[in-house]
Amino acid sequence: MSQVIVPNTGQNLTQQPSGPQIQRLAGELGKHALLIIVSIVFLVPFYWMLSSALKDNNQIFAFEPQWWPNPVHWENFATAINFPGFPYLRLLGNSVFYAGAVTIGTVFSCAAVAYGFARLRFPGRDLLFGITLATLMIPPIVTFIPTYILFATTGLTGSYAPLIIPRFLGDAFYIFMLRQFFKGIPADLSDAARIDGASEFRIFWEIMLPLVRPALIVVAVFSILYTWHDFFGPLIYLQDPMSYPLSLGLYAFRSQRAMEWALIMTASTLTVLPLILVFLFTQRYFIRGVAMTGLKG
Amino acid sequence: MAIAIPTRQARTRTMPRLDREARAGLLFILPWLVFLVVFTTYPVIGTFTLSFTDYSVIEAPEWIGLDNYQRMFFQDSSFWTAVENSAFYAAVSVPLRLVLALLLALVLNLGVRGISVYRVIFYLPALVPPVAATIVFMLMFNLDTGPINVGLRALGLSPPDWLRDPVWAKPALIILGLWPLGIEVLVFLAGLKEIPQDLLDAAAVDGAGRWRRLVGITIPLLTPVILFNLVIGVIYSFQVFTPALIIGDTTGEPLESTLMYMVLIYRNAFRYFSMGYAAAQAMILFAAVAVLTLLIFRSARVWVHYEGGER
Amino acid sequence: MSMRQGNGSRISISRRDLIRVAGVGTTGALALDATRRGALAFAPAAQDASTITFWTPGGSPLYCEIMTEIAADYSEVNPNVTVNFQCGTDPDAFQERLLGSIAAGNPPDATVYWDTPVALGVRGAVMALDDMMATAEYAGVENWPAGVLASCQFGGQTWGLPVAAGTYGIWYNQELFESKGIPSDRASFPKTWDELRAMSKEFTRWEGDRLVSAGYVLPAPSGLAPTLPIWSALNGGQLYDAENQTYTIDAEPNVAMMDYFIAWLDEEYQGDFSRVQRSGAWGPYPSDEGQPPQFQAGNLAMIEWGSWGLGDFYAYGDPAFERWDVAPYPVGPDGETAVSGYWPNWLVIPEGSRQAEAAFGYLDYLSGVGVVKWFEVIPDLPTNAEVPETVPTLVAEKRGEEFAAEAIDFFRDQLDVVTPMWDSPVQSFALDQLTLALERILTKQGAPQEVLAETQQACQAELESVLSSQG
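Protein chains in written order, with this note's numbering: chain L, 35 to 331; chain C, 3 to 313; chain X, 14 to 484.
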């Protein structure tokens with residue numbers, strides 16, 4: 035199937051050809067209405083969490099649903115930050131380090147591996163990809179013990195090494211995802227480049243990677259997200275409380291019997307806050323779409 | 003002005019490069035090969051072997067042949083309960099998530115004013131730690147004071163006691179699982195962004211309406227990503243764990259209705275000191291999901307369209 | 014039930030064999046062995062300065078603080094031992110951490126454990142302490158209440174130390190009693206189940222579908238399952254017979270007990286357990302959905318609770334009343350004497366600990382001395398006979414020294430009449446099975462006789478399977 039590629043004119047046309055003005059306005063309102071309704075549904079639990087974060091412990095347990103905390107306990111946040119055993123800034127720094135290291139390793143390794151599976155033919159490719167998928171199907175709970183023993187005998191426990199090193203080798207989830215994206219790119223591009231004499235690596239680095247940039251951003255965001263929330267890995271492999279990431283510190287809040295729910299909510303909110311900021315910043319990359327560039331020639 | 007070279011010609015041209023390509027291919031996946039050998043083979047083969055043993059983690063494993071499997075299929079009612087629960091969860095949750103996420107992504111891609119605000123709102127739930135999300139939803143599902151039932155009553159319905167009713171506890175889990183939909187939406191959005199706008203414009207110029215463009219261009223080009231979300235959805239829906247554990251504890255309250263397969267494995271491994279038995283259960287899960295995935299991929303030949311061709 | 018190799022001998026796979034099977038080969042196995050030996054070579058000699066690692070599964074920041082202090086105190090008194098204390102952050106995942114560390118050969122030297130050491134001891138996960146107890150300063154056999162030590166014993170050996178054990182009693186709201194004209198002194202409290210049930214009626218009030226106030230309400234299954242051994246004993250029965258290593262869940266007295274509960278449910282609570290649960294949090298803690306505890310709110314007259322209530326009573330906002338007291342359990346129709354129960358904190362030394370002697374020294378200290386400081390801050394009742402009888406500070410503040418001393422004396426006395434519990438090698442399995450059984454019985458999904466029989470079968474089978482695999 036041949037394809038005609040129109041060069042990028044520099045514009046990103048997102049609006050359809052114009053119809054009557056009123057019809058368009060109605061369409062806009064309709065979309066907004068839909069979006070607003072869905073947004074409210076999505077936001078209610080979030081709001082509940084935030085308002086709980088600002089309440090007294092009693093008020094969370096009050097009989098009538100308390101939609102607005104009264105009195106508003108802004109100091110809950112200060113309490114949580116200064117809570118003994120929850121050195122917020124230190125843990126935040128650890129989380130940033132952990133998430134950052136993992137993400138860098140993940141993005142680069144998974145992009146390369148996914149490209150190999152998607153666009154290059156080599157013996158055993160499909161079998162290996164099948165095995166890759168298979169690794170996702172075995173619950174980590176069971177493989178945890180042998181893996182832990184492996185790391186313990188090489189003396190790597192007690193540090194972030196067992197958590198970071200494997201991530202520089204790849205991750206089945208992202209490999210699968212990126213492979214799908216790479217497969218969506220028309221073959222002609224790489225074929226043409228090959229004819230021009232480009233090495234596979236150049237094709238990968240200069241042509242393919244930029245084309246899957248939205249997907250790469252998604253991988254990075256997911257990686258940061260999951261690492262931020264990962265507490266089991268750190269729980270098992272880390273020993274020094276000062277090296278704990280925020281997710282683990284959050285667990286220090288869940289004391290044996292006392293259910294300080296208000297503070298748990300506060301701590302959760304504090305854990306989420308940095309993520310929200312990261313998210314707001316990467317928003318721009320989603321707005322910028324992908325423009326198909328024509329072939330040289 | 004650029005003209006694309008017909009694919010057929012290009013293919014014959016690249017034939018002689020197979021060796022070079024194969025070498026490059028293997029180099030590209032080399033890190034992953036290392037991972038597979040070191041971090042997958044050993045634990046996976048280990049788990050497989052353990053499934054034939056009686057292993058309490060603290061003592062050396064003891065070979066018992068097919069005992070674990072025999073017990074699982076013929077003597078353990080909790081096993082079948084967990085299978086039913088997980089199957090129900092997957093069967094309802096996967097299609098629901100797929101459809102909803104796709105719809106949301108399509109709407110978000112429409113370019114409404116202030117779209118970035120909506121995007122952030124839809125992603126926010128995915129940022130909340132699963133434990134906190136579950137706790138919040140438990141408060142939300144309260145029979146009398148929870149916003150969900152308050153809302154349902156306002157619509158004139160008489161809502162159930164979600165977390166205490168064995169019939170409604172699983173739907174509650176499914177609903178809770180729908181909150182972080184932003185994850186699938188993100189992936190779909192990335193896929194939508196990859197669809198060349200020029201293609202859509204050209205079609206519009208040719209007179210194709212919005213619906214035609216959606217069904218004729220967008221969705222077909224989105225199928226690789228749909229496949230991804232579908233397979234991942236299936237795999238992970240069988241592995242739902244934390245919310246089920248928090249809501250139902252290790253007994254799957256109420257009345258074992260929230261006993262998901264992963265909770266079963268977990269409690270056998272670490273609560274009952276039966277890691278061998280848990281390993282056997284993990285193997286069964288693996289087999290079931292593998293078969294399902296294989297079927298999905300088989301079917302994919304019919305409905306998934308790769309622009310890159312079926313290389 | 015399970016097939017073993019023909020002639021009864023066991024085929025045991027050592028960890029080394031397992032690795033070989035997994036394909037890592039002899040090299041891997043040798044490496045494993047060498048690393049282990051190498052690591053041991055670096056372990057400091059016991060007589061000189063030694064460091065012991067001590068874990069706890071979790072705990073509030075206050076708990077962690079006080080444990081850190083106690084560890085420091087110990088090092089002052091014993092300068093050649095440093096206690097490297099690690100406060101756990103996730104009690105739920107603690108089991109995995111602990112088991113993983115034992116499997117990998119790098120466990121803590123000692124740890125607090127929130128489940129029965131019997132389960133660990135049977136499986137060789139912890140060390141037997143009898144020899145060390147014989148020469149201990151505080152932790153000798155004679156210093157522990159027999160009923161409590163029973164939770165650590167199996168096969169003639171002791172696998173842990175029950176350093177603190179909250180005991181149970183029936184708490185009641187004196188002010189509520191008086192408002193109904195009922196005498197509120199401890200001596201007048203109901204002595205039998207029938208009396209309890211009759212008195213409970215006085216407080217029951219429904220508003221349509223909702224139970225607004227009550228006298229005594231059966232806890233939810235997950236709360237009742239741990240204390241079921243107490244109720245069984247009160248009715249002259251037993252759930253688990255440790256001496257004969259057999260379960261007796263569906264024995265006559267237990268079926269009668271469940272029948273009694275159902276009859277009570279039908280008479281007083283509209284026969285609908287779910288409706289009762291929905292109406293509020295009838296346990297001493299807020300419900301999962303955020304309902305406040307009814308006892309503290311003044312809507313529940315009597316409640317089964319442990320001595321840790323001395324702290325927790327005041328932990329969820331201000332209670333609606335001031336004057337409460339505690340009384341012994343009433344006796345069931347088929348029972349003879351009042352018994353009590355307990356929920357311990359245990360100390361164990363995992364197998365593979367390299368500083369067992371030094372670690373036991375610390376456990377000994379904790380049992381007799383450290384626990385005093387612990388008790389001051391958190392009302393976990395010390396059980397050791399050598400511990401001076403102190404009074405928990407919070408209660409003293411709220412109700413005065415005299416009452417606080419009385420209350421804690423009551424709980425101490427209960428230590429002498431506790432029924433054996435927490436002593437099964439398959440404790441967690443049985444607990445889960447009992448929770449499910451109670452759910453089914455109380456929501457009328459099955460008749461007590463049948464449900465208990467099924468539970469009996471499951472638990473007994475599991476028990477036998479574990480015991481037989483221990484050879």
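It is possible that part of the hints are untrue.
[What the hints assert, rightly or not] Simulated DEER-style distance windows between Cβ atoms:
| hint | chain 1 | residue 1 | chain 2 | residue 2 | range |
| --- | --- | --- | --- | --- | --- |
| 1 | C | Gly209 | L | Ile70 | 27 to 37 Å |
| 2 | C | Val304 | X | Ala466 | 29 to 39 Å |
| 3 | C | Leu180 | X | Glu415 | 37 to 47 Å |
[As the list claims (entries may be wrong)] Partner residues aside, some chain L positions facing chain X, computed with beta carbon under 8 Å:
| hint | residue |
| --- | --- |
| 4 | Ile198 |
| 5 | Phe266 |
| 6 | Ile270 |
| 7 | Leu282 |
No lab work stands behind these hints, which were simulated from the structure alone. Just so it is clear, CB atoms sit at the ideal spot from N, CA and C, and this is done for glycine as well.
So, going through the hints one by one against the coordinates:
no. : hint                             : verdict
1   : C:Gly209 to L:Ile70: 27 to 37 Å  : holds (33 Å)
2   : C:Val304 to X:Ala466: 29 to 39 Å : violated (53 Å)
3   : C:Leu180 to X:Glu415: 37 to 47 Å : violated (57 Å)
4   : Ile198                           : violated (19 Å)
5   : Phe266                           : holds (6 Å)
6   : Ile270                           : holds (6 Å)
7   : Leu282                           : holds (6 Å)
Checked against the numbered hints above, the structure violates hints 2, 3, 4; every other hint is satisfied.
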